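Novice: Quick note, the sequences are listed as chains A and B, same order.
Sequential numbering from 2 applies to the first sequence in the working numbering.
Sequential numbering from 3 applies to the second sequence in the working numbering.
It is worth saying that the hints were derived from the structure and are not from the lab.
These figures come from a predicted structure and were not determined experimentally.
All residues carry an ideal CB built from backbone N, CA and C; glycine is no exception.
Treat the hints with caution; some may be incorrect.
In the EDC-like style, the derived pairs of lysine to aspartate or glutamate whose C-alpha atoms are separated by at most 16 Å in a straight line are [stated by the list, open to error]:
id: 1; chain 1: B; residue 1: 100; chain 2: A; residue 2: 10
id: 2; chain 1: A; residue 1: 116; chain 2: A; residue 2: 58
id: 3; chain 1: B; residue 1: 100; chain 2: A; residue 2: 15
id: 4; chain 1: B; residue 1: 102; chain 2: A; residue 2: 10
id: 5; chain 1: B; residue 1: 100; chain 2: A; residue 2: 58
id: 6; chain 1: B; residue 1: 100; chain 2: B; residue 2: 39
id: 7; chain 1: B; residue 1: 102; chain 2: A; residue 2: 58
id: 8; chain 1: B; residue 1: 100; chain 2: A; residue 2: 126
id: 9; chain 1: B; residue 1: 100; chain 2: A; residue 2: 21
id: 10; chain 1: A; residue 1: 116; chain 2: A; residue 2: 21
id: 11; chain 1: B; residue 1: 102; chain 2: A; residue 2: 21
Estimated spans, in silico, between C-beta atoms of each pair [claimed, not checked]:
id: 12; chain 1: B; residue 1: 5; chain 2: A; residue 2: 96; range: 26 to 34 Å
id: 13; chain 1: A; residue 1: 27; chain 2: B; residue 2: 112; range: 30 to 38 Å
id: 14; chain 1: B; residue 1: 5; chain 2: A; residue 2: 35; range: 31 to 39 Å
id: 15; chain 1: A; residue 1: 113; chain 2: B; residue 2: 46; range: 38 to 46 Å
id: 16; chain 1: A; residue 1: 122; chain 2: B; residue 2: 49; range: 21 to 29 Å
id: 17; chain 1: A; residue 1: 120; chain 2: B; residue 2: 10; range: 38 to 46 Å
id: 18; chain 1: B; residue 1: 87; chain 2: A; residue 2: 18; range: 14 to 22 Å
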Amino acid sequence: MATQRTRVDPSVYDNPLWPERLPDARALRLVYGFDADEMVVLFDDVLHTNPAFVYVDTPDYEYAWLKVDGVTGDVIGIMVYPLVAHAVEFHPHWRAAALPNPSPEVAERIVRDIKALYDRYGIPDDLDKPGR
Amino acid sequence: MAIIWEAQDQRGRTVTFQDDAWSPILARHSDFSISTDDIREVIENAAEIVRDRTFRRREIHYRLYQSGPLWLRVVVNYRPHQAHGWVGDVTPAHVIRKRKEIEELLWQLSEHE
């Protein structure tokens with residue numbers, strides 16, 4: 002599992018950069034863990050350097066997270082926790098991600114929804130940082 | 003279902019990490035450089051423990067990951083145990099940038115420890 006550990010610059014994570022065009026549905030990889038009730042959607046199969054999750058600052062409860070590359074600051078995936086126990090209350094159609102063999106369009110829609118959440122709520126303290 | 007390690011958390015409870023918890027973490031987070039020992043370190047030497055706001059029997063353990071600035075966040079699901087009172091099983095683990103400050107704090111490392 003290990004990738005090379007390099008020095009971490011925290012500012013990289015504070016200005017996540019979404020791709021200009023969201024990945025095509027068929028490029029996305031959705032993985033749901035039933036015991037954890039955690040879902041991730043990965044945009045590629047590349048082993049990124051020092052990736053970390055940054056939460057979208059939704060009111061009260063942070064359930065949507067961006068996976069950010071620790072060198073480029075690119076958004077390389079998303080995570081939802083908890084999915085069925087909480088997030089589907091606000092996004093009922095996300096429940097399909099917990100079913101066996103969800104279609105690629107399920108992942109695509111969740112990514113679009115999280116992008117919309119990010120556009121609306123941002124990440125913690127992002128207005129204090131210079132934008133991109 | 004093999005036990006990778008068994009440890010004691012900062013509140014004195016036994017926590018186990020089993021291979022059927024590690025495999026899903028690997029499946030979802032294959033490019034993270036965390037090891038099973040990193041997760042154990044968080045459990046044994048957490049800086050903070052907060053309550054999971056959805057699952058009342060889950061607690062989230064936090065510790066700076068390799069001296070920072072990132073944090074390692076380990077979720078533990080506790081269940082009653084006849085002999086030990088409560089025992090925990092590691093469920094998800096993540097490397098994160100920050101945590102939300104309104105989480106209910108259950109335990110915190112004092113400055114003098």
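Novice: CA of residue 100 of chain B to CA of residue 126 of chain A, is that 16 Å or under?
Specialist: Within the cut-off at roughly 11 Å; holds.
Novice: Is the straight-line distance between the alpha-carbon of residue 100 of chain B and that of residue 10 of chain A 16 Å or less?
Specialist: The given pair, whose Cα atoms are some 14 Å apart, holds under the 16 Å limit.
Novice: Quick one, are residue 102 of chain B and residue 21 of chain A close enough, alpha carbons at most 16 Å?
Specialist: Outside the cut-off at roughly 28 Å; violated.
Novice: Check the hint pairing residue 116 of chain A with residue 21 of chain A against an upper bound of 16 Å on the C-alpha distance.
Specialist: holds, 12 Å
Novice: Note whether the CB distance of residue 5 of chain B and residue 96 of chain A lies within 26 to 34 Å or breaks it.
Specialist: holds, 33 Å
Novice: Does residue 58 of chain A sit within 16 Å of residue 116 of chain A, going by the straight-line distance between their CA atoms?
Specialist: holds, 12 Å
Novice: Does 14 to 22 Å hold as the CB distance between residue 87 of chain B and residue 18 of chain A, or does it fail?
Specialist: violated, 47 Å
Novice: So does residue 120 of chain A sit 38 to 46 Å from residue 10 of chain B, Cβ to Cβ?
Specialist: holds, 44 Å
Novice: Measure nothing beyond the straight line between the CA atoms of residue 102 of chain B and residue 58 of chain A; if it is 16 Å or shorter, mark the hint as holding.
Specialist: holds, 8 Å
Novice: Check whether the Cα positions of residue 102 of chain B and residue 10 of chain A lie no farther apart than 16 Å.
Specialist: violated, 20 Å
Novice: Holds or violated: residue 100 of chain B and residue 58 of chain A, Cα atoms, limit 16 Å.
Specialist: The given pair, whose Cα atoms are some 11 Å apart, holds under the 16 Å limit.
Novice: Could you grab the alpha-carbon distance between residue 100 of chain B and residue 15 of chain A and see if it respects the 16 Å cut-off?
Specialist: holds, 10 Å
Checked against the numbered hints listed earlier, the structure breaks hints 4, 6, 9, 11, 13, 14 and 18; every other hint is satisfied.
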